[in-house]
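Going line by line, the protein sequences match chains A and B.
Counting from 78, one number per residue, gives the positions in the first sequence under our numbering.
Counting from 17, one number per residue, gives the positions in the second sequence under our numbering.
These aren't lab readings, by the way, just hints derived from the structure by calculation.
Think of the CB as a built atom: it goes at the ideal place given N, C-alpha and C, for glycine as much as any other residue.
Check each hint, because a few of them may be wrong.
As the list claims (entries may be wrong) - With a cut-off of at most 30 Å between alpha-carbon atoms, the simulated DSSO-like pairs for lysine-lysine come out as follows:
{"hint": "1", "chain 1": "B", "residue 1": "Lys-512", "chain 2": "B", "residue 2": "Lys-207"}
{"hint": "2", "chain 1": "A", "residue 1": "Lys-217", "chain 2": "A", "residue 2": "Lys-164"}
{"hint": "3", "chain 1": "A", "residue 1": "Lys-253", "chain 2": "A", "residue 2": "Lys-217"}
{"hint": "4", "chain 1": "A", "residue 1": "Lys-238", "chain 2": "B", "residue 2": "Lys-512"}
{"hint": "5", "chain 1": "A", "residue 1": "Lys-238", "chain 2": "B", "residue 2": "Lys-495"}
{"hint": "6", "chain 1": "A", "residue 1": "Lys-164", "chain 2": "A", "residue 2": "Lys-253"}
{"hint": "7", "chain 1": "B", "residue 1": "Lys-495", "chain 2": "A", "residue 2": "Lys-244"}
{"hint": "8", "chain 1": "B", "residue 1": "Lys-139", "chain 2": "B", "residue 2": "Lys-429"}
{"hint": "9", "chain 1": "B", "residue 1": "Lys-426", "chain 2": "B", "residue 2": "Lys-139"}
To be verified - Per label pair, the in silico range of CB-to-CB distance:
{"hint": "10", "chain 1": "A", "residue 1": "Thr-277", "chain 2": "B", "residue 2": "Tyr-443", "range": "36 to 46 Å"}
{"hint": "11", "chain 1": "B", "residue 1": "Gln-496", "chain 2": "A", "residue 2": "Thr-277", "range": "30 to 40 Å"}
{"hint": "12", "chain 1": "B", "residue 1": "Ala-467", "chain 2": "A", "residue 2": "Pro-138", "range": "45 to 55 Å"}
{"hint": "13", "chain 1": "A", "residue 1": "Asp-250", "chain 2": "B", "residue 2": "Thr-453", "range": "47 to 57 Å"}
{"hint": "14", "chain 1": "B", "residue 1": "Glu-445", "chain 2": "A", "residue 2": "Asn-131", "range": "45 to 55 Å"}
{"hint": "15", "chain 1": "A", "residue 1": "Asn-131", "chain 2": "B", "residue 2": "Trp-428", "range": "56 to 66 Å"}
{"hint": "16", "chain 1": "A", "residue 1": "Asp-81", "chain 2": "B", "residue 2": "Pro-256", "range": "30 to 40 Å"}
{"hint": "17", "chain 1": "A", "residue 1": "Ala-245", "chain 2": "B", "residue 2": "Ser-513", "range": "31 to 41 Å"}
{"hint": "18", "chain 1": "A", "residue 1": "Ala-245", "chain 2": "B", "residue 2": "Gly-283", "range": "23 to 33 Å"}
{"hint": "19", "chain 1": "B", "residue 1": "Asp-460", "chain 2": "A", "residue 2": "Thr-262", "range": "48 to 58 Å"}
{"hint": "20", "chain 1": "B", "residue 1": "Asp-460", "chain 2": "A", "residue 2": "Asp-250", "range": "26 to 36 Å"}
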Amino acid sequence: MSSDILAGLKKAILDYDPDASAAAARKAVEAGINPSETLAAMTEAIREIGEGFNRGDLFLPDLVGGADAMSSATPIIQEQIQRLGAKTQSTGTVVIGTVFGDIHTIGKTMVATLLQAEGFTVHDIGINVTSDQFIEATRKYKPDILAMSALMTMTAPEQRKVIETLKAQGLRDGVKVMVGGGALTQEFADSIGADGYDPTAPGAARLARRLMGR
Amino acid sequence: MPFTRGFTRRFPPLRVLSDEQVEDIHRGTLRILWSTGVHIEHERALKLFEQNGCKVDYDDMRVRIPPALVEECLRKAPSSFPAPARDPNKTLMIGGNNLCLAVAPGHKTVDSQTWEPREATRKENYDAVRVLDALPTVHFFSPYTPYFGFRGVPACMAMPESLAARIRCSSKFQCVGFSNDSEMFAIEMAKAVGIEILGTCAWAPPLALYRDAVESTFRIVEAGFCLRVVTGQVMGGTAPASIAGAIVTNNAEVIAGLCLAQLIRPGTRVLCKDFTAPMNMNSGAPAFGGIEIAIHNAASNQIFQRYGVPLDNTTAYPNAKVPDYQSASEKAFRVMTAGISGGNTLLFHGSVHGELTHHPIQAVLDDDMAGMVGRYMEGVNTSTEALALDLIEQVGPVPGHFMSAPHTRKWWKLEQFLPQAADRLTYPEWQAGGKRTCLDYARDRVQQILATHKPMPLTPSQEDAVERVLEEARAYYVKQGLITADEMREYRESMKSPNYPYE
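Make the full structure from the sequences, and use the hints.
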């Protein structure tokens, strides 16, 4: 019975169907399935999509469709976890956003989705994010990694500003910072004191695992 | 065929849509502007829209524009307008049957042997502007041109430094962008030097306009300058994956921007832009070389001819990394489509790969391609003299020929466009000459231009004004905390060259 429910949940994510995945998640809760098992089934599904994307069999709309289906089920399971006071395993927590003055969303969304596929808990705080908003999210979610995107040469210095503000607020030592974006280079990432940089979205997901020591 | 003031199409434009399709797209645009509306993060703009009959939700920052206001604003925008250059001989007319080409900028330069990207130096930036000034088919300069920045210059100074370089080394018409209030300094520099500029209002698709873009719009329009309303959508990402759907979203955004400009100052000269690319579904990057852009542009050109508003076409960025077959084909479809379907402007010259790299060698190659399209747009002259019936009768069948006819000596020069970098040698000549390619000829032409071309100089007072405004911008950004003490030291150091500002 539980295996049927979890198979249904996995299928809903593989079918990119957010309504079906939410319904399957509710069924899992009603059946009293251990939330860790439910989350494992969901991660398996999104990882399968991520692997298909990395192989070139699946494409960006499939990746984002899978992530949407997963996102609609996640709060239902999170609520169950909180209610039961259960403990779950996550690869780590990431806060991600595109810096202030920059409204490019696609690269950031790809990285956020692939991080989910790697088992990270991801808080995507959007585009045009000010340094104050990055700091606020860092305080709120206490992430292991803060990930910042900037496509434009003119907005890349915002990443430096966020890192400097993290330092000034005494938060820098508690979080790894990774940066990305079309105009960036490893040299620039080093110069602003980031912990990591990768020019591609799949590379960024691997980088996040490395930063977590995995 | 010097083409220094743009190309003129002498035949009816290509039609890729039926009249019914044009109206379907127009009605769709009106519906989106009224029912969905657009998100505008600027209270003064929201109030202005509300005062003019729009539905405004201040909490959501959403503006819904009624169809009647859209139609009224489209009528108020001029169908064509002069774009005065510092050199009056290079003043353009934007709109109508004209196509004016501009520079396609890049974040960085490339090494011209390995084609790998790297940061440009000050000298490379200034040299690149000089080359572009010398190319007859570069009709005006786009913002951020030619590089988004160069070594030693803090990022926030990239825009003011770019405009300074272009004013110093080119007498052509200039377009400016906005970043961290840079348009304030662009306006001041333009007024101090006594030139016109084309400002920019850039949307964040889908259907959103952020504060800095609106500030730029107010400042440019209130200063009496003309405005380019730009999007930058990616089909399947920030716009529908279907071409028709992506025309509707692009239309809705640029028309909402046009409405804002007309509400601020009725009659403002507006150049809208169709800036669309399909998404590379593997990487998420724009597939700038996609042929879908050309058909999107052609359809949009047709719709904007119905509106009577000039349209800028999607910047001709290639996906290729080197000036090769792929690069040439990606660029050729785009510039030719703009030429024959009624695009009014196109950022074209010099982009090596997307908006990431630019190089003068590429710009010289593009000058040839642009000239070919300019020639094509001239069409076919069917005057009595061109038909040459008397001459054909006089020469008659073989062994007659046309080579010695005075008509030939006159008309071949009128009809043929002569590319400067293309290899047109015979095999024996090519082998004897070291098998040189168009790239070799382009390298030579860049060197020849740099050795000989002298841009129209600024007067001493104009030069002083440019440097004074740059100093004001530097002080402003230091005060804003956007230039650190270390960056300022490096910046000042880079200005100590005896040949400052040129190297």
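Could you check the structure against the hints above and give me the numbers of any it violates, in ascending order?
The structure conflicts with hints 8, 9, 18, 19 and 20, although it agrees with all the remaining ones.
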